[in-house]
Amino acid sequence: MAGAVDAVGLNGWAMLTGGATLLAVSATRERPADVAWTPATVGSIVYPSAIGSSLGFVVMTVLLRRISAVAMSCVHLLVPFRALALGAAF
Amino acid sequence: MLLVGVWSSTWLAIKSDLEDCPPLLGAGMRFTPAGLVLLAIRVRRGGTVRTDRTLAIVLALFQFAGTYGLVYCGEQRVTSGLAAVLFGALPFYTALLGAAILPDVPLTRTLLGGIALAIGGLALAFAESTGHGDAGRSLAGAAAVAAAPVGIAIGNVTLKLHGRRG
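Those sequence lines, one after another, are chains E and B.
For the first sequence, position 44 matches number 44 in our numbering, and the numbering has no gaps at all.
For the second sequence, position 83 matches number 83 in our numbering, and the numbering has no gaps at all.
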C-alpha cells in the first residue's frame with residue numbers, strides 16, 4: 001500500500017498523546033498519594049504497557065492493512081475465553 | 001493468536017493494578033511510557049517520527065484515552081473476566097460503524113444475525129454482573145466497560161478509511 005503510515009510512529013504518538021491526556025485528567029481528579037507502590041503495582045503497569053500496548057497495537061495496525069476492520073476486532077471475541085480462564089486461575 | 005494471548009492476560013494485570021492505584025493514573029502510566037518506547041524504537045532504527053497528525057490524534061483521544069479511561073474506571077467494579085467479555089462487544093460496534101462509514105462494507109443478513117447474537121450475549125453478561133455484590137455499582141462499571149470499545153471501533157474504522165486513501 002503506497003503511502004501507508006508507519007505503524008510504530010503512529011502508535012507511538014497516539015499512545016503518548018492519549019496517555020498524557022489520561023494523566024492530565026487524572027491530575028485534576030485523583031490523588032497520586034493513593035498509589036501503593038508494591039512490586040505487583042509496578043509489574044501490573046509495566047506488563048500491559050510493554051507487551052499489551054507497544055507490541056499489541058503495532059501488530060494490530062499492521063494486520064489491519066491485510067484484513068478487514070471487522071475481522072480484526074473479532075480477536076476480541078476470543079480474548080474473553082482466555083481472560084476468564086486466567087482470572088479464575090489467579 | 002499472539003494478540004489473543006497478550007490481550008487476554010492484560011485484563012488480569014489491569015485488575016491487579018487497580019488494587020493499588022487510581023484508574024486514570026494507572027491507564028496514563030501504562031500508555032505514556034509505551035508511546036515513548038515506540039518512538040524511541042523508531043528513532044533508533046533510523047526512521048522518522050513524523051506521522052499523520054490527524055490520525056494520531058483520533059487514535060489518541062478515542063482508542064487510548066477514551067476507551068482505556070472507561071475500561072480502567074469500569075474494571076474497578078467488575079471482575080477482569082466479565083470486563084473482557086463486555087469488551088467483546090467491539091466487533092459489533094466496528095461492524096455497525098464500518099457499515100455506516102466504509103462504502104464497500106454492506107450490512108449483510110449474516111452480520112445483522114451476528115449483531116443480534118452479540119446483544120443477547122451482552123444482556124446475559126449484564127445480568128451476571130448484577131449478581132455480584134453491589135448491583136448498582138457493578139452495573140455502572142459494566143456499562144462503562146461495554147461502552148469503551150466504541151473508541152477502538154472508531155480507531156479501527158478510521159485506520160481502514162485512511163489505508164484506502166493511502
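Hints were generated in silico from the structure; no laboratory data involved.
Among these hints, one or two may not hold up.
If you want a taste of the chain E side facing chain B, the calculated C-beta under 7 Å gives, among others [unchecked claim]:
no.: 1; residue: W13
no.: 2; residue: L16
no.: 3; residue: G19
no.: 4; residue: T21
no.: 5; residue: V25
no.: 6; residue: T28
no.: 7; residue: P39
no.: 8; residue: A40
no.: 9; residue: V62
Beta carbons: idealized from backbone N, C-alpha and C, even for Gly.
Structure-based check of all given hints:
1. Because the smallest distance between the Cβ of W13 of chain E and any Cβ of chain B comes to about 4 Å, under 7 Å, the interface hint for this residue holds.
2. Annotation: L16 of chain E was flagged as interfacial toward chain B, and the flag holds, the nearest CB pair being 3 Å apart, inside 7 Å.
3. For the restraint placing G19 of chain E at the interface with chain B, the shortest Cβ-Cβ distance is roughly 3 Å, inside the 7 Å limit, so the hint holds.
4. Restraint check, T21 of chain E versus chain B: the minimum CB separation of about 4 Å is within 7 Å; hint holds.
5. Checking V25 of chain E against chain B by beta carbon gives a least distance of about 5 Å; that is within 7 Å, so the hint holds.
6. Because the closest C-beta pair between T28 of chain E and chain B is about 9 Å apart, greater than 7 Å, the hint is violated.
7. Nearest Cβ of chain B to the Cβ of P39 of chain E: about 11 Å, over the 7 Å cut. The hint is violated.
8. The beta carbon of A40 of chain E comes within 6 Å of a beta carbon in chain B, closer than 7 Å, and the hint placing it at the interface holds.
9. For V62 of chain E, the interface hint is violated, the least distance from its beta-carbon to any beta-carbon of chain B being 11 Å, above 7 Å.
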